[in-house]
Amino acid sequence: MSSRPGKTAPRLLQDLLTYDPRHEERAGRNLLTDPPSFYDPDAPPTPAVPVRNCRHHFVTKDEQSILPQSGNQPNYETVYKIASYCMKCRWHLELMVDFRDDGFRTLPCPADTEFPLHHFIFQGEKGPSHDHFGDRKIPRDYRFRCSAPRCPVHLHVRLLPPRLKDEYITLLTDKILLKKRLDRAGVIEPRCQNEQVAKPVDGLLFLRTYLRDSLQPKQGKGRIPLLNRKFLKTFGEDCDALLTELGFVREEEDDTEGVRVTVWYLPKPPPPGNPLDPANKRTVLEDVRYELAALILNLPAAERGTPNNDYPGEQKSSLADIQRAFGCLNYARKPLDHSESSTPREEDHPYYAGLGAVGDLSDALILFAYNRQTDVDSVNNTYYFECLQAIAIGRNSNMLGEKVQILASQGQVNRRDVCKAYKYFGIQPEHSPHLTDDIIIGQFRSRLSDISSALQEETRNMLRIIGSSRQSERILHEASNAIETYSQALSWLDVEETTLDDFIATMFTFKVNDNPANREIASQALRIIAEERQSQRLLDFINTGSMEAAEMDVSEAYALLGVQDRSAALDLEVLQAQMQSYNISNPQNAAKYEQAYSLICKDQKENHKSTAVQEMGPPKKRHPLESWPVGCQNIGNTCYLNSVLQFLFTIKPLREVVLNFEQYMQERTPEAIERKRVGRSAVTAEKVQKAQEFALELRELFKLMITAPNDNVRPPTRLACLALLKDDITVERAKEGDLVSTLGHLNGAPVIGPMPKPEPEAPAGPNPAASVLADSVMGDDDFDKRTDTSSTVAMADPEEDKPFDEMAGLKDDQGFEIVDKPQPPSRPPPVPPRPQPTTQENTDLKIVEEVARQQDAAEILNNVFDLLSCAMKGEGMMDDGEQIDLIKKLFFSEVTSVRRTNGSVSHNTALQDHQLIWPGDRDRHLYAALDDEFGLQELDSGPSSEESEEVGANTQTTKFECFHKASPILIVNVRRIAFAEGRSKKIESHIGLDDTLYLDRYLEQTKSLSKEALLERREKQWELTRRLKSLESRKAELNKTNLQIGLPDAVNGAADYIERLGSIDSGLMEIGGGQNSDQADVSQGPNIPQELRESSRTIQKETEILDRKMKEIDDEISSLFADCKDHSYRLHSVFIHRGTAAGGHYWIFIHDFQNKIWRKYNDERVDEVEDLKDIFTQEEKYPATSTGIVYVREDLVNQLTEAVDRHPEQPQSQSSNGDMVMQDVVDITDAETQDAEGIPILNGVEKK
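Mapping of the sequence shown onto the numbering used here: residues 1 to 1248, in sequence order.
There may be inaccurate statements among the hints.
[Unchecked claim] Calculated lysine-lysine pairs in the DSS-like style (CA-CA distance at most 30 Å, straight line):
(1) K985 - K1109
(2) K165 - K137
(3) K126 - K959
(4) K88 - K281
What the hints contain is simulated information worked out from the structure, not anything from laboratory work.
Required output: the full structure, derived from the provided sequences and hints.
Pasting the structure below:
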């Protein structure tokens, strides 16, 4: 379906006769191709056609046309071409009406009684519609097609500006210039001194004659001497540019007397050809002759001169030819009453334009126009019904009136009815396009529960009107109060397919108790679900009102642990981590989780040969404590935080600052922080206090990582809270919210599953947010909002500014304002021996677990950078007030964005702590992904402020980026979330990495290449990239199907299916003992399976060719910068994720440059990477993928990184569970303790 309205042939012709490209931008829309604006009866009237538009009078150019002939019907080979030009504005019009065979489209409209007129839909424009330099005289090239199902007609409309420029016409007709030309001629040729001044018409007539002789060459008429008196005084020497442009050739030669003379030779165009051939020099000369005729005939009669044998005669109008080609020469018109004129009008009522009609169409054709519009643009049915209503009333037409009544009885409504319905539910109509069906249904249900039964029918009618206007089956079913399908039953009970039977019964009880009138429909919904699931327990509940406890089956086990796809092979190590996370969150359900885990392990072992964790892999290797880094325990969905902490620990300057943080601590006096700016935001004393609390917690962790007497440590819960939460407001919100506990409560009774109303697409189980095994979410759903997770600061565009305090002013899930947290004690305590987890610590764990699940991966590291910058003293300020500190020096790059608009170039430099790349839908190298981010991009721009209001041109802006100064430590985050069919999806394409990355191509200039030379190479790269994207687009066309498989596989599957049909048909014939003569035998027809397989091989071959070409272009792009190796960076670390868009598990690979080995940091385990393929390659099935990549400048790797810093102490004592017991900190002096006044307590008590 088109999803855009069309125009009947008479309407399109009327718009064509008044469309003027010169004034299109001033009018604000394209009169020919854009649908008319919806008519607002309350707004002041506006003219349908701008006043300054030319009302064209087109006349035919016979030599360039193939005209329809009266009485001849078009066939599958017919093509009409009407070439014409306007006698007023001299613009040229080419109309091509193509009836040629279009497969099954073999019945043109006027021959089909069901479609008495063509109904044209705009298909697109070829070439730009405006010039970047403000030139409005550029060609227009539009494509239309008829919307009738069997009509083959394609319409090509081409408008060309005049061939003769205005300045050339002035040269030929301006009387002052003609007088000067005569004076100059008298100097060149004395015989001209007594000549009279040429008249304005002379140059037009002479040039027209010259062009005739050029198009129809005759002996002796191909040469004009410059000293010819008529030529010299009419054209002289100042018309050379005009003559040369038309193809005249000026030469010097000897005359018969041997005297050197100047002559002009006429143009030599090609001979006449087929009118369908592309335009050539002959076409141009013919067009100029027609324009000269228009200029001559438009002169006042007294100035036209004496007609000669080449004087233009009467010009033939093109209107009848166009009408005949459009099939609307004699369409049915409405009868005229006494008050109407037969003269065509351009100002029909706007409702006619809304239907794509004109005012003189008969009633039957008005209904035809209405039906076509609603078929091709059903989204706007309400407006088209309003148009039909108004026209029926205005015409007082019985036919139209009856149709309106029939449509109204079928539920059709107009815009006023829809607006009234939205307002009935308290919704502003202008907001409706942004609201989902769920929101509208929710408004309806809340209204329904608050009104009497007498008003329920009216409320349902209002919802029915909205459902009809939105064409929403869900809303219409809701309005009808009928439940017929499984999905409707689930929706009515606010549950999902994965919801357990127990919770469905709970929701049934809740619905009935909330409104006893719903018992009947609730019972119907429950019965449909029970029958669909074949659930005896639900059927027993319907009949007896009770459900016996059931043994857990495998499907319930998968659902309980949040796994949707039980057919997939799972990583049981991640599954165990998931189960342990659930046990921490809901210890009362630990037995169920253990049972579910055992069932899944058994199922995986039977179906996928997977092995439980206790049976898996080699034992953990032991390494000397003094030479091996420690692991970090997962305290609840914090695997990514652990990876971040391990990464930060290996950055030597940062680790030294943290360990000696007292020397770098920011004073919290008002004077000290008055001018402090971090992330373009002012920093408050409270934020500094929180940041310093985080820094001190991080210091204690780093000390523990250095001195721990065992191979793993447990990060403090408070450290995780501060790292994961942007502010304490979020802490309070998480505390007041539902956290991760999925034991909901209804009337005091615990229930397992999502609480009403659950989020769309959320699976049942302890973690409604996770659809697979999850330690934390994979990424932010809105992955396009690049700055949401970026700490970009300094000179960024104002419109991209985002405050860091994003949670301020939020409300909790119950709608109450979030309160501030209580003030902490005034001084820090000693660190006591660690007790067993308390209720408060469990609550903090839940907060950490919930927020970690909601965090975007890159956001955690950015938040840590912000905290450290807020906590430490600045070393200076940038021009905009941003603080300079160690974080900026190590991790922030200066990135310049270069924008080009209409020839002007602007530069904007901003600080960025990471680069964000998109992996794309195919495996590729990191260079290719960075090329996309730094490469040339076209931006959509609105009206340029530099253009005058009269022009109002839309500008085209391009942008590319480069490093003005690259940071020593370069972080590249990989954006792996995409959306398909309304769901988030993880992109698993592999990003190829090299141990050494050369940044030369992304810099402004290098040691070897100047800025200009480097830009020249990048421009060559951009051209290759454009070709690459074209190939990628074609590959997507070949691979995209609705079956979630590639097109070659889909075609092969169709071939197999047809073969099976043939074998079934043969078997049936053998059983039946004969053949039905009316039934085709598949085996006797064309070998369709073989042809399909051949097509599949062709498609597969083209795909392979495309892959090869794309690889060649990638290699060519790489070769452009093969010698650019001045600025090298070494790969330091890679953040890895295994899972889906909803969740999964993180770990990190880190390169120990001093010991020349790689290690894998996976929570509490730290192992040497024995096979580097684990880092640089990717599995084919369920791959682990890179989400963050870190490179360090090669000349600074030993100065900036150090993976191992260990001085383990002897264990003092151990608790029963094997954890080290923390003792009081004794290495802080009294002065240091005094400096720490006001710092919040770190999980302890005040020192007495």
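### Task
Mind listing which of the numbered hints don't hold for this structure, in increasing order?
none
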